[in-house]
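Note that the protein sequences, when read in sequence, are chains B and L.
Heads up: the first sequence begins at 1 in the working numbering, then just goes up one per residue.
Heads up: the second sequence begins at 1001 in the working numbering, then just goes up one per residue.
Simulated from the structure, these hints should not be mistaken for lab results.
Take these hints with a grain of salt, some might be off.
Chain B stretches covered by chain L per the calculated footprint, using a threshold of three residues with CB under 8 Å from any CB of chain L [said to hold, decoys possible]:
1. 192 to 201
2. 270 to 284
3. 322 to 331
Partial pick of chain B residues on the chain L-facing surface, computed with a CB cut under 10 Å [what the hints assert, rightly or not]:
4. 106
5. 112
6. 151
7. 163
8. 164
9. 176
10. 338
Predicted model only: the values in this text are computed from it and were never measured.
Virtual Cβ for every residue (Gly too), placed ideally from N, Cα, C.
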Amino acid sequence: MTTTNPTTVPAVPASLVARRARRRRSLGVAVGLTVLIVALGTVALLLGKASLTPGDVLSALAGQGTPMTGFVIGELRLPRILTAVVVGMCLGVSGSVFQSTLRNPLASPDIIGITASASVVGVVAIVVFGISGLSLALVVIAGTLVAAAGMYLLAWRDGMSAYRLVLVGLGVAALCSGVVSYVLTRSDIRDAQMGLVWVTGSLNNSSWAALLPVAACAGIILAALASLARPLLVLELGDATAAGLGVPLERTRLLIIAAAVALAAVAVSTAGPLAFVALASGQIARRLLNTGGAGIAISGFVGAALLLAADMIAQFAWPTTAFPTGVVTGLVGAPFLIWLLIRASRTGTGS
Amino acid sequence: MLVLVCLASVMVGASSIAPGTVLTAFLHFDPADTQHLVIVEKRLPRTLIGLLVGIALGLAGTAAQGLTRNPIADPGILGVSFGASLFVVLGISIVGVSSLSGYVWFAFAGAAIASVLVFSVASLGRDGATPVKLALVGSAVSAACGSLITAIVLSDTQVLNSVRFWQVGAIAGRGYDVLWQMLPTFLIGAILALVLGRQLNGLALGDDVARGLGQRIGVTRLLGAAAIVLLCGSATAAAGPIAFVGLAVPHIVRVFTGSDYRRVLLVSAIVGPIMLIACDILGRVIAPPGELEVGIVTAFVGAPFFIALVRRRKLPTL
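Use the sequences and the hints to build the structure in full.
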């Protein structure tokens, strides 16, 4: 994402050149990631228990395949791939927004208690009440939003400070993981395993029926967030600077954080609390762009690519077992982030 | 207060034991007396381990937050907790280790390997192990270890069954053998952490200022990381991953002492064990006839307390 602030356009050509270079770079990264996502998606369409030729896939996509290929592609693989893209995008954007508004590279919905509260709601709903399917998703979204609102109120004290919000979030996260541990250690081992699968996060329950409401919600929230793009960039400069530049601090931050929480809640309700996607996407995007900005949109693309790749590895890397996706997200994201960090310090661009 | 908590920890349990009996148990130990046996063989090592683990987590948490300049950092930030957990899981699933004192060595090995990996990767490049790189590489390695743990645990119900109790974090059921195993690394780590206060104060002002004050930043980071690994590694080996104590204690202490690391470190070493042992006592009496693991109690009791404290009007930052 690039900054164009018409009120401060300087007459210095150098900065204009730099800005154009930045814009080119982010465009290039976005195009590259889109190509990557499409490529991963294509491979994902071809892979699976039923081995299909590219021709089968094409005719199935055009609606002219046999009923069998039509079912495999249209009802199994395609919704799963699209769910991975939508959920990954939600997590990536949400993580990047948290990191930039709270100005902490470790802040992400997983660490400051958003996904933790979603985990509690999910695990209790599954293990204690035996809820599943769409009602589970709704319960998780509602629970997460209530928990996030509670955290915001707890952190409110003569105004809002990012530092206090982060600490309250940590407390809530600890409390929630305590509850999850308690439920998992006190329940029957089979229930515990089911709960653990959900806490790990998985795309196994993808279907058009589940995807469409999620995609609609995500689209609305992302559009709302896009309209806040400029104040968000200014907010990254620090509270005092942002206030000086005329951004209404509290209201903007509340709106932005609410949007990020909603994105995380939507993602978690569909696929469970997938670890590390949100944290890693924001940081990877920042380093791919290498312009000092947060790259919130790019982070969404990174999240989608990351989740798509992780889901394929989780399904097909081990011939005997298919793991839930969340098992692999850490393994896929971590080496890549580490590699980017090393490369950045080699070239001296720092972190 | 710490002394009082320790005394209470020896007295309170499934059967309460009068202070007089405790005293005679220490002075005139009678192996035939069950109460004496309970005190000396069960409650005393449990309390001592609680003491060491609490000190270790308090110090390691403070050092981790100072080193990374990030209030989110907990003692596990260098990959210690997840590395230790991964090796314990591997030990259970591949080698078939089943005793708590057997876990200790695996936890140590995992903590050491993970944190050496994190520190050396973060040190690559000219700028060395900057706080952001340390924190990010640490959480990346932790995430990767976490993935592997989940993969193993999900494919083997037996392993899940033994690991889920270890992973909560508890100081119950450990004997003197665990205590002796953790003592040497704990002592080195604690001394290292306590002498680093001045250096951490320098780092808190930023790398450039610290350098200007004549500090060798690289050395400070290396020693700090070593202290964290030794402390958190021995704590995790003895009690399982109880990260929240290490995260919360420095923040709680800062409310009373301000941000001077020399004082924060010292007071954390006292508040850490108070919090841990008090929570352990609570866990023993709260759900009779069973017990609640201290890792769960610290989250249930510690977190609300922590949130209430953080809501104070004037919150000292790092």
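Evaluated hints:
Coverage of a stretch by a chain is defined here by at least three residues with a beta carbon nearer than 8 Å to that chain's beta carbons; for the region 192 to 201 of chain B and chain L the count is 5, and the condition holds. For a cut-off of 8 Å, the count of residues in the region 270 to 284 of chain B with a CB near a CB of chain L stands at 5, and the three-residue condition holds. Here the region 322 to 331 of chain B counts 8 residues with a CB under 8 Å from a CB of chain L, which clears the bar of 3, and the coverage holds. A hinted interface residue such as residue 106(B) counts as satisfied when its beta carbon comes closer than 10 Å to some beta carbon of chain L; here the least separation is about 5 Å, so the hint holds.
Among the interface hints, the one on residue 112(B) holds; its C-beta lies about 8 Å from the nearest C-beta in chain L, closer than the 10 Å criterion. The interface hint given for residue 151(B) holds, since its Cβ lies 9 Å from the closest Cβ of chain L, which is under the 10 Å cut-off. The beta carbon of residue 163(B) is positioned within 10 Å of a beta carbon in chain L (closest approach about 6 Å), and the interface hint is therefore held. Satisfaction of the interface hint for residue 164(B) is found here, the shortest Cβ-Cβ separation to chain L being roughly 6 Å, below the 10 Å cut-off.
At a threshold of 10 Å, the smallest CB-CB gap from residue 176(B) to chain L is about 8 Å, leaving the interface hint in force. For residue 338(B), the interface hint holds, since its Cβ comes within 10 Å of a Cβ in chain L; the closest pair sits about 5 Å apart.
The structure shown violates none of the earlier numbered hints.
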